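As you go down the protein sequences, you meet chains A and B in turn. Residues 442 to 755 in the working numbering are what the first sequence lists, from first letter to last. Residues 442 to 755 in the working numbering are what the second sequence lists, from first letter to last.
What the hints contain is simulated information worked out from the structure, not anything from laboratory work. Here the structure is a predicted model, which means the values were calculated and not measured. Fair warning: there could be bad hints in the mix.
One copy or two, either will do: identical chains are not told apart, so a pair holds if it fits within one copy or between any two.
[What the hints assert, rightly or not] Calculated lysine to aspartate or glutamate pairs in the DMTMM-like style (CA-CA distance at most 20 Å, straight line):
1. LYS733 x ASP476
2. LYS471 x GLU548
3. LYS471 x ASP544
4. LYS561 x ASP731
5. LYS471 x GLU525
There are 2 protein chains.
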Amino acid sequence: MQAEMKMDLNDQLRQAVRPTTWVESPRLSKRLDVDVTIASESLQHTGSFKYRAAYNVVSRMEQDRIVTASSGNFGQAIARACAELGKQAIIVMPHTSAQVKVDAVREYGATVDLTDVRVKGRQERVAELLEEYPTAYVGSAYDDPWVIEGNSTLGDEIIERGGFDIVVAPVGGGGLTSGLVLASQRAGSSLEVFGAEPLMANDAARSLRAGEIIKNEVEPMTIADGARTPSLGQHNWAILKDGISGIVEVPEDKIREALRMMFVYANLKVEPTSALGVGAVMVQPELFRDKKVCCVVSGGNVDPDVFCEILSGS
Amino acid sequence: MQAEMKMDLNDQLRQAVRPTTWVESPRLSKRLDVDVTIASESLQHTGSFKYRAAYNVVSRMEQDRIVTASSGNFGQAIARACAELGKQAIIVMPHTSAQVKVDAVREYGATVDLTDVRVKGRQERVAELLEEYPTAYVGSAYDDPWVIEGNSTLGDEIIERGGFDIVVAPVGGGGLTSGLVLASQRAGSSLEVFGAEPLMANDAARSLRAGEIIKNEVEPMTIADGARTPSLGQHNWAILKDGISGIVEVPEDKIREALRMMFVYANLKVEPTSALGVGAVMVQPELFRDKKVCCVVSGGNVDPDVFCEILSGS
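Using the sequences and the hints given, assemble the complete structure.
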């Protein structure tokens with residue numbers, strides 16, 4: 442009975458998310474000198490893979506309200522998942538958030554709680570809201586088994602497509618990569634999972650070397666803003682410490698170059714964090730040469746000004 | 442036997458092309474106040490719908506060599522189709538063509554014939570090449586029944602998806618819209634086909650009003666460079682004159698605004714010509730309101746500089 446219920450929820454999740462968009466670009470592969478196929482989540486609902494996690498969390502939680510701090514993709518994803526599933530979302534965002542991001546969360550029907558982070562931390566504000574709504578679920582963008590399970594559906598799709606030796610995906614809090622490792626282990630697949638992390642925010646790579654979670658001491662201001670997380674999550678680390686095959690550290694200029702290459706040779710609009718996978722192939726091609734590689738583009742939400750600044754090569 | 446052979450070729454064509462990419466964006470539909478779904482050919486092989494036509498032409502022609510004048514998407518599409526099918530392509534391009542476009546055609550394995558168009562017209566150069574290769578096929582990007590038939594496969598996909606009242610697509614030489622009308626008529630579908638044309642290159646709209654083909658007197662320098670064609674083709678006109686439901690004339694500022702909206706709300710990189718469909722919905726919303734509308738994005742090949750100039754709103 443429990444197995445049946447689980448199956449139903451997984452089926453529901455697979456139907457609720459948009460299948461990933463496969464992009465093969467011979468011109469991109471030629472330039473990388475590596476056989477690369479892109480799995481792009483830029484056209485996923487709300488524009489990023491986070492919708493997989495968000496939908497899973499909101500459908501599995503018994504509560505009818507979720508409170509989470511997010512200035513980015515997870516907030517939008519939770520907002521839309523709650524709208525789809527008839528639940529309430531309160532998204533705590535810094536008062537300095539770009540208006541377009543605030544508007545996006547509101548358009549999906551969530552309540553935006555703007556917090557002056559000079560006065561009060563975002564987690565502090567989440568705690569306050571919990572006093573007001575003691576039965577609400579507290580959402581984490583990565584450190585949550587349901588988040589990992591939701592993201593594992595992308596791994597399922599990659600394994601079902603078949604033929605890949607390696608998948609390489611961005612690492613921030615580790616929600617996506619741990620989901621991919623979970624999918625590979627669950628399927629008994631030989632698919633290897635590599636992480637791609639900004640060199641200037643390399644806490645995950647350092648954690649892997651140290652054998653324990655290492656935190657960034659200050660928020661690293663990498664252009665890949667989805668990877669500015671303080672550290673890997675506990676649940677993610679439990680899966681990644683033995684499950685991930687390696688982490689490639691990508692300098693900022695390679696992140697930018699990878700974004701440009703995907704624009705020119707694969708006709709993709711990707712957010713900077715999403716350029717990490719192709720950036721990793723550029724940085725350590727010997728890891729990927731003669732393999733069939735899937736690069737995950739985690740999302741496409743990026744401000745036009747930031748995008749063009751990167752595209753111009755300045 | 443002939444019917445069987447035709448079936449085989451159609452099946453081969455459908456397998457050779459990449460299915461169109463469907464993008465539903467509630468945020469875009471909300472802003473347009475029209476229920477719009479995008480069928481994007483930006484991820485088609487060679488980055489535009491032209492590959493459908495090119496593959497069909499190259500597979501159906503008995504000749505093993507094709508000569509065509511194209512500085513854009515058709516040249517790349519013919520080059521790759523010839524590479525796939527083991528035939529030779531000579532693409533006549535103006536000597537002023539951007540190096541990236543020349544490189545793209547060469548990368549797909551075609552011979553590029555750079556012609557100084559101040560001295561010799563491109564069609565004149567094609568005629569010269571025909572003297573050298575008298576058995577070569579002369580390719581037209583739109584005025585060719587095989588081109589129309591190839592493009593009709595996009596119409597087939599739109600009809601197979603179902604539920605649409607209207608499809609709106611860019612009009613240049615009329616190759617795409619005539620293909621869509623052909624598909625709708627062949628299927629006995631009630632799907633209406635509208636064209637979207639730059640106001641400053643409105644020869645097709647004027648032709649429809651006049652009841653005969655009207656040519657642009659000079660090359661109209663619209664940002665939608667795929668619609669800078671001198672006039673509709675004869676084969677296209679034969680289908681469009683009674684088959685198209687109407688043509689919406691889109692001012693340049695709306696083309697630009699539509700491109701920006703698709704970037705922000707649908708995470709798409711589209712070329713300016715491809716913004717015409719959404720632009721048409723903005724210009725004459727009353728035509729589309731309360732209908733289920735498919736907007737065709739014809740391709741995604743655009744220089745970063747041009748793209749960012751449009752994105753910046755300047």
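Hint check:
Taking identical chains as interchangeable, the C-alpha atoms of LYS733 and ASP476 lie at most 20 Å apart only when both belong to the same chain, with a minimum of 5 Å there against 39 Å between chains. In this homomeric assembly, LYS471 and GLU548 come within 20 Å of each other (Cα to Cα) only across copies, at 10 Å, whereas the closest approach inside a single copy is 41 Å. For a Cα distance limit of 20 Å, the shortest separation of LYS471 from ASP544 across copies, 13 Å, qualifies, whereas the shortest one inside one copy, 40 Å, does not. Taking the closest pair of Cα atoms, LYS561 and ASP731 never come within 20 Å of each other, the shortest separation being 51 Å inside a single copy and 47 Å across copies.
Only between protomers do LYS471 and GLU525 lie at most 20 Å apart by alpha-carbon distance; the minimum there is 16 Å, versus 42 Å within a single protomer.
The structure fails to meet hint 4 from the earlier list, while all remaining hints are met.
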